[in-house]
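Number of protein chains: 2
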Amino acid sequence: MPRTIRVTFLPGGEKATVPPGTILSDAAQQAGVRMSLPCGGRGICGKCVVTIRQGEVSPPTELESEQLDDQQLQQHQRLACQARALGDVVVAVPVSSRVIGVKSLESDIIAGVQLEPNVTRQWLVLTEPSLDDQRSDLQRLVDALSGDFTGLQPSPQALRALPSALRAGNFRVCATMVGRRLVDVAPAATAGPCLGAAVDIGTTTVVAYIVDLDSGEILGSSASHNPQTRHGADVISRIEFANSHEEGLAALHQEALQVVNETIAAALQQIGAEPRDVFEVTVVGNTCMHHLFLGLEPRYLAEAPYVPVASAPVNLQAGELGLDVHPCANVFCLPCIAGFVGADTVGVMTAQKITRQARPVLAIDIGTNGEVALWSGERLLVASCAAGPAFEGAQIEFGMVAAPGAIDHVHFDGAQITLTTIDDAPPRGICGSGLFDAMAVALQAGIVDPSGRFVPNADGLPPDIAARLQGEGNDRRIVLAEGDDGRHIALTQRDVRQIQLAKGAVSAAVQLLLEEAGLTVEQLDKIVIAGAFGSYINPASALRIGLFPSLPLEKVQVVGNAAGAGAILALISMAEREYACHVARLAEHVELMRKPQFQMTFMETMLFPGR
Amino acid sequence: MPRTIRVTFLPGGEKATVPPGTILSDAAQQAGVRMSLPCGGRGICGKCVVTIRQGEVSPPTELESEQLDDQQLQQHQRLACQARALGDVVVAVPVSSRVIGVKSLESDIIAGVQLEPNVTRQWLVLTEPSLDDQRSDLQRLVDALSGDFTGLQPSPQALRALPSALRAGNFRVCATMVGRRLVDVAPAATAGPCLGAAVDIGTTTVVAYIVDLDSGEILGSSASHNPQTRHGADVISRIEFANSHEEGLAALHQEALQVVNETIAAALQQIGAEPRDVFEVTVVGNTCMHHLFLGLEPRYLAEAPYVPVASAPVNLQAGELGLDVHPCANVFCLPCIAGFVGADTVGVMTAQKITRQARPVLAIDIGTNGEVALWSGERLLVASCAAGPAFEGAQIEFGMVAAPGAIDHVHFDGAQITLTTIDDAPPRGICGSGLFDAMAVALQAGIVDPSGRFVPNADGLPPDIAARLQGEGNDRRIVLAEGDDGRHIALTQRDVRQIQLAKGAVSAAVQLLLEEAGLTVEQLDKIVIAGAFGSYINPASALRIGLFPSLPLEKVQVVGNAAGAGAILALISMAEREYACHVARLAEHVELMRKPQFQMTFMETMLFPGR
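Taken in sequence, the protein lines are chains A and B. Quick note on numbering: numbering that gives the first Met the number 0 labels position 377 of the first sequence as 376, and the sequence is numbered without any gaps. Quick note on numbering: numbering that gives the first Met the number 0 labels position 395 of the second sequence as 394, and the sequence is numbered without any gaps.
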C-alpha cells in the first residue's frame, strides 16, 4: 500500500494528498472543497452524496446501505463522510453536496466570525421505546440532545410532528431549536437546510440575504423596491400618510410585510430552498421602517420630543407577525437608538466593530435618511440628518434608480465630459453615483459656483461645456446626454439646490459631532461610507462636493451595505448580536436641531468647497 | 373628636371600630368586607367606588377629583382607598367594588395558599417624555416597573397598544405581564379585571374555574359535557376514532378546544367578564385528553409500550392554540406521568400535598378512567385502571348523568327500599352515586351474592324486596322505581357485571400498589376519593361494594374535584406549579398489567365483600 494517495475532486480538480484510508470528506476539506455536512459527518443526514469516478474506496458501511438505494450504489454513489479512499481516487461532488457562498462586500465583513447562531440543529439517533423505557417521545429526544437544553419548550407544531417524525425516521431525526424552543423535528433523511434571513428594510430599497446557519455562508440575496414609496419618498411623508388615513398604518405595515416576504422568497428561489427552511430572521432599518414593519404607531417619531414606541431589541415569532418563513422562526429586530437613529445605524456600527477601534472613526450611512456615527475612542455619538431622497434619485429632474440606462459615472478631463451608463444602455436618467459625479464635474468645470449658483454665461468655459449650458434661472442646466427618447438629460439649478440641502445636512451632522467630541477632522483615522447607495459612489466626487470634510482620499472606505452586514452578523453569532445591543446602549444620541450653532453650521455646509 | 368611631358597611351591616381618619378600605378590611383594590389602594384604578350614606368623611383628594365626575361626587360617591372616616359613617359597597368568591370543596383546598401567580399586573404613573427625556414608550414603562423585569419582552399586540394607551391614560397605565412578557397595556381608568382560568378536561365532563388573580378567589365555575363522547365513551374508543378517520384527530382536537372555550365563556358570563380578561389558563386532564386538547397524536398511548408524545409540562400561547381568552395568555398544561396516568392525577396529588404527608396516603381519582396514587412516606407510586364509564352512568341500562330526576341515593332499612332523586323530580334514571347505593343495597339485602349473581328466587327476602325482583338470567333485575314514562327503573344483572369490572379494576390497582410499597391497609392514614363524581358518592356504599379495602369510615375523605383544585393551585401559585412538576417527576409509574399477579388479583377484587 502506498504511504500517501491522491484524491481529486471534480468538477474543480482540487486535490488532496492524504494517507490511505482517509474519509473522503476529510480529504475534501484538505483540498479546500466546501462540502455540506449538516449532521457533522455522522452518516445520518445523507446530504454528502458523491460519485466515485475512478479508484478504489472502502465497501459501503451499514449507514450508507441504509441511506443509499441499490441503484445509487451501483452508480458508485457514496456518502463522503463514510467512504474511505484506499488508493488514488477521483470524486465528483455535485452542487447539492456543496456549500456555495456568494462573494460580496457583506461576505468580506462577516468573514472569520465564529459561527454561534441562535438556531441550533442536532442530528440524533434515539433508542426505541419499550415497556422498560416508557419515556415520552419528547423526553426521549430531549435526553439525547447535547448541550444544556433544560427547560426546553416545544412548539405545538413540533410536538404534533414529533411522533410520526420519530417513527417515519426509524428514530433517526433532525431536531431544530430556536433559542430554547424546539420548533422542528423531521426524519433525518428528509430534513431540509437550516437557513436564516437577514433583512435590511430601507426607505427606498429592501434587501434580504439568505445565510446557511450550518456554515455561516451567504447563499443568496435579493433586493426589492419598497412599495411604501407610493405614499411618499421619505419617512416623514409616510408618517403623515399613517396619521391622515384611517387604515394608513395598517396599509404601511402590510406593505412592509409583503415586500419582506417577497424579497426573502426571491432570494430563497435562487437557491431552491423553501420558506419553512428559514428558522430565524434578523431585521435592520431606520426607526420608522422598524415601526412600520412591526405595525407600531410612527406618529410620535415625527412630533417633538420624537419618542419611539420601542427602541430595545425585539424578539417575536414569525407566525404571529405574519412573515412567510417557518412559523416558529424567531424574528429579531436589532435595537434602535432614537426616533431618527435606527437599527440600520446599529447594524453599521456593529459591522464596523466601531467601539473596538483604537482611533477615532466616523461612519456615514447614506440613504433617504442619513445617519452619522462618531467613535471618539471613548464616546460613541450618533445623529440623524434628513438627507432626503435626492441621493437616491428622487426629486431630481432626471433622477432614477440604479437600473440599465442610468448615468452612473461622469468624468471631465478639463475639456470634455464623458460618461458611462449602467449596462452601456442608451441613457435614460441619472442615478445617485452619477449625480455625485455630475455635481463634482459642474464644480470642477466652473459651471456652478461655491454658493451653488449656475454661472449666468458661458464666458471662458471650454467649448464642450459651453455648448451644454441651457435655460435660465431655476431652469438653468447642463446637458449630460441625449436620451433615446430625444430628451436632454441634464443637471438643473433645482437639482443643485436639492443636492446642497442633502449634502449640507450630512456635512453639518459630521461637523457638529466632531465639535461635540472635541475632535478635528485630522484626528479621524478613517471615514466609512455605508449604504447600498454609498458603495457605488466615487469617493473623490463625494469629497469634491464636500459631503464630508476635506481629508486624504485613502482615509475614505466604502463598505457597501454595512447595515445589512450587521443584520447578518446578528444572525450568525449571538456574541455579535449582544455586541449590537451593547453598541445601541452605549450610543449617545445628539439632537442636532437643539444645538444653537445648528442653523449657522447648516448654512455653511450647504456651500460647496472652493475650487 | 371621639377616640374611636364606627364604620358600617352596607348591605351586609359589617362594622369596624377604628380611629378617626382611618381610610375606608382599611376599615372594610377590618370589618371583613373584601373590597376590590387592584392598584393596591393607590387611587389609580378607580375600582373601589363606594357611596357615603351617613356621616362625615374627608374632602375629595386630587386623585378622587380626577377619577370621579361631578355627578358622582354630588351623589357622595368616593374612592374607598382615598376617603377617610371622620366620625361614625355608613358606607354602601356595590357588588362592582367587591371581591365575591364562590365557596366549594375546591375553595377549601386552595384556602391559605400564598398568591404568587405567573401573571403580574402593575399600576403605573409615568413621567411624560420631553426633549431631555427621549426614552421610548417601552423603556419608560419598563423603568417604572417594580421587581426584576430585565429582558422583558413585549408582545406585538402590547407594543401596538402602548403609545395610545400611555397618551389616552395621561401616562397612568395598567401593565399586565405573563411571566417575563408584557402582554397588555391599558389606560388605568379602563383596565378590566385580571383573571385566570383553571380547566379540568374529563373524558365525560369539562369543568372551568375563573379565578381573580388579584385576590386568589374563585369567582365562578361552569361544567359542560365533553362533546367527544359522540365518538366513544372512553379514551380507548376516542383513540380508535382518531386512528380510523382521516381527520379524526383534528375533529377531536377541535371539539376539545370548543368545549373548553364554551365552558370558560359560560363561567365568565356568570361574573360579567370578557375572554380577554383571562391572562393564564392551567389545564389538567388524563393523558389522552391532554393529547387531544393539544392536538397530539394519541395512537401510541394505546399501543404497547404506551408512550405519550409529551409528558413534561407544556407552556404555549392561547392564540397559537386557538383558545378564546387573551391571545397572549399562557396556557400551562400540568405534566403527565404515563400513557394512562395524566395531569389530572398530578393535580390530585398536588391538591393533596401528597408527599408532604408524614404517613401513608392513598388517593383514588374516580372517573371514566381511574387512577390510584399511593404515598408510602418514601415512595410515590401511581397506576391507572380502566374503570370504564360505568361509574359515570354509561353502559348501565338506566344510567344517566347527575341531572334532575336521576336517582342519587338509595337506602334500605332492613325491610324497605327508599330513594331520592335530584331536585325531587320524577325518577328518570340512575346516576353514579345512586348506582353505588343501589349496588350496596342489593348486597345488603342479599339479592346479589358476593360473586355478583342475582339470587335465582326470592325465598326469605323481605316482601318489598321480593316484589321488586323481575326477569331471568342476564335480564334479572331489581326495580327501584317507576319512571314518569311508566318504565321500571332497575339495577340489572348486566349492570352488576359492569360495576364488578369497574370496581375490580380500581380495587386491584389499590391492592397491587400496597403490595409494591410493602404496606398493609391498616398502615394507611387515609384514603382520599377525588373526582367530581366521587364527591357525590356515599363512602359507606363504596366500602360496602369493596371499591377499596375495608377500613374505618373516618379514614375516607371525599375531596371533590381535586384535579381541578390542583389546576387552580398551579394558576395562583408558581410554587404550587413547581410542586406539581416535582410530584410528576417523583412519581413511579407501575404498569399493573405487567405484574404476574395482576390477573389473579383482578379476579379476586371483582368479587364483592361478604355480608
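Possibly wrong hints are sitting among the right ones.
If chains are identical, the list can't say which one is meant, so a pair holds when it fits in one copy or spans any two.
Below, a list of computed lysine to any residue pairs in the SDA-like style, where the Cα atoms sit at most 25 Å apart [as the list claims (entries may be wrong)]: (1) K14 / E239; (2) K594 / D132; (3) K594 / L130; (4) K102 / R159.
FYI, nobody ran anything at the bench for these hints, they're computed from the structure.
Status of each hint after checking the structure:
In this assembly of identical chains, the alpha carbons of K14 and E239 never lie at most 25 Å apart, being 62 Å within a copy and 59 Å across copies at closest. Taking the closest pair of Cα atoms, K594 and D132 come within 25 Å of each other only across two copies (16 Å); inside a single copy the shortest separation is 72 Å, beyond that limit. In the homo-oligomer, the alpha carbons of K594 and L130 lie at most 25 Å apart only across protomers (12 Å), although the nearest pairing inside one protomer, at 76 Å, exceeds that limit. Taking the closest pair of Cα atoms, K102 and R159 never come within 25 Å of each other, the shortest separation being 40 Å inside a single copy and 39 Å across copies.
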